[in-house]
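> Residues per chain, in single letters:
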Amino acid sequence: DAKTTQPPSMDCAEGRAANLPCNHSTISGNEYVYWYRQIHSQGPQYIIHGLKNNETNEMASLIITEDRKSSTLILPHATLRDTAVYYCIVRVGGGSNYKLTFGKGTLLTVNP
Amino acid sequence: DAGVIQSPRHEVTEMGQEVTLRCKPISGHNSLFWYRQTMMRGLELLIYFNNNVPIDDSGMPEDRFSAKMPNASFSTLKIQPSEPRDSAVYFCASGGPDNYGYTFGSGTRLTVV
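Chains as they are written, first to last, in my numbering: chain A, 1 to 112; chain B, 1001 to 1113.
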């Protein structure tokens, strides 16, 4: 699976949009981009995933560049409860017979 | 849906003792994963099963660790004998046949003294 690069930490003001970047320059054509987050002491939580089109759900939006070498997770109106470590993961898609490899992620701190 | 259920939530044991961690995946999910998390090494995949069959156990640190999945609704991770360096939070996750993400349990915090 392709490796990803994320900033170790970011800050965001409550109510503002949080934009978390991820570089995955060695991504292959059949690899998806997944985002998870881990709130302190809890298990990781799935947020969103995409292949090449931008995606949006009730939690966040995922913007993938046209060359697919980078992506941005957008939390449109960050709250204090969004403070967590956010993981960007690239993996081969399709079915449930796969594995996810977590890196160090980005610690997002939402400030009042 | 109760989600992925892990037990116990906390375990404190003495070095050399056997430890068994348990996981009940979400009904209908056919993949199950065991992860370990420490401050030093982050989240590490230990082993994963698909349709109750172990697919990749390359992350299992050594022979002291073993995992089983006797049926679709239950899995165990056993450490025998336990050592202080095994202290960590152990997460179980399950995945369904669609292309969505896994669901993780709340974890078991293991302390070996």
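Possibly wrong hints are sitting among the right ones.
[Said to hold, decoys possible] Cross-link-like lysine-lysine pairs, in silico, BS3-like; alpha carbons within 25 Å at most:
#1 A:99 with B:1068
#2 B:1078 with A:99
#3 A:3 with A:52
#4 A:99 with A:69
#5 B:1024 with A:99
[Unchecked claim] Looking from chain B toward chain A, a few residues come up when the C-beta cut is under 10 Å (computed):
#6 1033
#7 1037
#8 1043
#9 1074
#10 1076
Calculated from the structure, these hints are not laboratory results. Every value quoted in this text rests on a predicted model; they were computed, and no experiment measured them. Backbone N, C-alpha and C fix where the C-beta goes; we use that ideal spot for every residue, glycine too.
> It remains to establish, for every hint, whether it holds in the given structure.
Here is how each hint holds up against the structure:
Distance restraint check for residue 99 of chain A and residue 1068 of chain B: the Cα-Cα separation of roughly 18 Å lies within the 25 Å cut-off, and the hinted pair is therefore satisfied. Annotation: proposed proximity of residue 1078 of chain B to residue 99 of chain A holds, straight-line Cα distance about 21 Å (limit 25 Å). The hinted pair formed by residue 3 of chain A and residue 52 of chain A meets the criterion: a straight-line CA distance of about 17 Å does not exceed 25 Å. For the proposed pair residue 99 of chain A and residue 69 of chain A, the alpha carbon gap of about 21 Å is at most 25 Å, so the pair holds.
For the proposed pair residue 1024 of chain B and residue 99 of chain A, the alpha carbon gap of about 19 Å is at most 25 Å, so the pair holds. About 7 Å separates the beta-carbon of residue 1033 of chain B from the nearest beta-carbon of chain A, less than 10 Å, and the hint is met. For residue 1037 of chain B, the suggested interface contact is upheld, since its CB lies about 9 Å from the closest CB of chain A, less than 10 Å. For the restraint placing residue 1043 of chain B at the interface with chain A, the shortest Cβ-Cβ distance is roughly 4 Å, inside the 10 Å limit, so the hint holds.
For residue 1074 of chain B, the suggested interface contact is broken, since its CB lies about 18 Å from the closest CB of chain A, more than 10 Å. Taking 10 Å as the C-beta cut-off, the interface hint given for residue 1076 of chain B is violated, the closest approach to chain A being about 18 Å.
Hint compliance for this structure: hints 9 and 10 are not met, and every other hint is.
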